[in-house]
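We have chain A already, so just place chain B on it with the hints.
Residues per chain, in single letters:
Protein chains: 2
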Amino acid sequence: MVYSIVTGKRLMETKIHSSLRTVEWKDNVVVMIDQTRLPNELVYVKYTDYKDVADAIRNLVVRGAPAIGVSGAFGLALAALQSKATDKESLLKDLEQAKKILFETRPTAINLAWGLEKIMNIARSGKDASEIRNNVIKEAKAMAEEDIEINMRMGKHGSQLFHDNDTIMTHCNAGALATVAYGTALGVIRATKESGKKIKVIATETRPVMQGSRLTAFELKYDGIDVSLIPDTAVGYSMANGLVSKVIVGADRILHTGHVYNKIGTYQVAMMAKQHNIPFYVAAPLSTFDMKSAPSDVVIEQRKASEVTRVAGKKTAPDDINVINPAFDMTPPELITGIITEVGVAKPPFEESIKKLFEPKL
Amino acid sequence: MVYSIVTGKRLMETKIHSSLRTVEWKDNVVVMIDQTRLPNELVYVKYTDYKDVADAIRNLVVRGAPAIGVSGAFGLALAALQSKATDKESLLKDLEQAKKILFETRPTAINLAWGLEKIMNIARSGKDASEIRNNVIKEAKAMAEEDIEINMRMGKHGSQLFHDNDTIMTHCNAGALATVAYGTALGVIRATKESGKKIKVIATETRPVMQGSRLTAFELKYDGIDVSLIPDTAVGYSMANGLVSKVIVGADRILHTGHVYNKIGTYQVAMMAKQHNIPFYVAAPLSTFDMKSAPSDVVIEQRKASEVTRVAGKKTAPDDINVINPAFDMTPPELITGIITEVGVAKPPFEESIKKLFEPKL
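Protein chains in written order, with the numbering used here: chain A, 1253 to 1614; chain B, 1253 to 1614.
In case anyone wonders, no lab produced these hints; they're calculated from the structure. A hint or two may mislead.
No copy is singled out in the list; a pair is fine if it fits within one copy or between any two copies.
Stated by the list, open to error - Below, simulated SDA-like cross-link-like pairs (lysine to any residue); rule was C-alpha separation at most 25 angstroms, straight line:
(1) 1566 to 1493
(2) 1556 to 1573
(3) 1498 to 1557
(4) 1450 to 1401
(5) 1567 to 1292
(6) 1556 to 1480
(7) 1526 to 1586
(8) 1452 to 1294
(9) 1498 to 1527
Chain A on its own, in the form it takes in the complex:
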């Protein structure tokens, strides 16, 4: 039986929206789900030292861009409490040191830098050590709440695109476990279910890191959403056999032209959807948009070979084999039916509709 750290109640009975809270601030303690132990065990870990939070980010106890951003902010809040400084200047020095250690855990994650910088700005504007401590904790907590809020607004907009008896394919994990709670793509799926529509989900395994089988299948099953797992090779089969009515995925970066960078394999799922006339949606907050870069500017991270040659520590390929292991691929705008954000849904032509997402509503 799993009990909530927060309420002490059984989670399966008390769930509202999603019972999984990836990262949380509770009585000056940071509480996280240890994602390295999923799907085998659901274990919550508690941290009171920011260096332990840094280790948690480094070791993928927490992963997913929005979740990492908030975890970094919580790390700084712990650092503010840990610091023995009594004046503003000394406290800011301690916070800068903590920021450096937290940032270096995953230096390429944009959201981490964003979360840390947001907290540092709040700290710098405080008038004394006591006010800074209060404001930093308040802001970090607000960032966590805002992440959930954004996901729920995204869910509300997105749910209107999904219908009763839809079977929705998703790739990778853009779920509660990638955010503070609720999720982006899986948030839309949760909102669709909450709106009273009966839906099913097909989750791709998502090799090599298996976020689909380890995380998406876990969190949807945990929340009582009907989910079936497929190997990544069965995307075409599932679509050709009429098993899929819509697709939704998250995004790691979206360009102003509508080019979407997401987990490796997204592009071929989108292409197969197009060929079978299946709508393909992307769900991501406005913070995912990169309004400056062109596709030629985006460098795709290549990851280590052992992700492909080993599974859960077991060797599955010959020693010293060449491996091509890109973390992401690019889905061109012509394969995308709509991009769901917290302020509405952008539809083609994306260059215009994405620009409108950022215009202030009158």
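Here is chain B on its own, set in the frame of chain A:
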């Protein structure tokens, strides 16, 4: 160091075409590569009891349709030697008993039934026990040689379609390890290399059973062919980034209309190839063609969930998750550039060209 069971010489030094011989008859002993131990160890096992050959087929020590057909025939040859019968009738009775045990190991494999029946027909036509024993062994050995012969003819036809500096993507294992030696799709790759052209191969991992990483990557690396492994999710990325010039796969069944049934994932590789204007070839012997069935007649085998939820015995998904795990998918003729056989290459329109493959050459 690995030495040939047959010649005693180091295989890496003595290889002709392919150094891997999946199954072989040597001095009244059946010698097989134990494929369950690949890619970790290359181990040859020896059998003198047909019941051990039956176990080997059942436990996937040997797999791949052509390899299983010949293994069944070798099993019957062992049974003929083991039988104490001195008259034709008693020997045939013993062979029928052995045939039953061998057949039941993998009852859906068409090639196994075909191989066993071919040997039984030879046995029935023998005039006495001694002649039957001789003929059965002779025929089983001839079947093995014929399999290699067919693959090499296929390779010769196919190699003309591939060019210097091609990078060839392949899915699953249609290699030496699926046949007696040399392979079908990988036989074409071997023949292309032997013709003096410089080529590289990209092998997909081929989840869930990982024949690509375990077998294809192993056998190509073993034979000194430049091979890179990718997760199945990186097919689109590889093609979009210009890393693939041609695709070649094997087939489990080809209809007279040109519909190709092959390992799950083949369909989406073919579709992605089409979208990137990359030629997509299928290599298979005439024995793979099913000239009677329509696509609606073909039932696709669903395999057990644990192939998807566990890798090498390690759990990678939640308990009791729903799984969709089809063994094969169907690639429609419009995605196929050519079908390479031992008598030539069929090109679209396939209904006509496949018919011509079976017409006697004048």
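Hint check:
1. 1566 to 1493: neither (33 angstroms within a copy, 30 angstroms between copies)
2. 1556 to 1573: Close inside one copy (12 angstroms), not across copies (29 angstroms); limit 25 angstroms.
3. 1498 to 1557: between (33 angstroms within a copy, 24 angstroms between copies)
4. 1450 to 1401: Answer is within: at 24 angstroms inside a copy they meet the 25 angstroms cutoff, but 57 angstroms across does not.
5. 1567 to 1292: This pair counts as both: shortest intra-copy Cα distance 20 angstroms, inter-copy 8 angstroms.
6. 1556 to 1480: For residue 1556 and residue 1480, only the inter-copy Cα distance (14 angstroms) is at most 25 angstroms; the intra-copy one is 29 angstroms.
7. 1526 to 1586: This pair counts as both: shortest intra-copy Cα distance 9 angstroms, inter-copy 17 angstroms.
8. 1452 to 1294: Answer is within; shortest intra-copy Cα gap is 23 angstroms, inter-copy 44 angstroms.
9. 1498 to 1527: Both ways: residue 1498 and residue 1527 sit 13 angstroms apart in one copy and 21 angstroms across, limit 25 angstroms.
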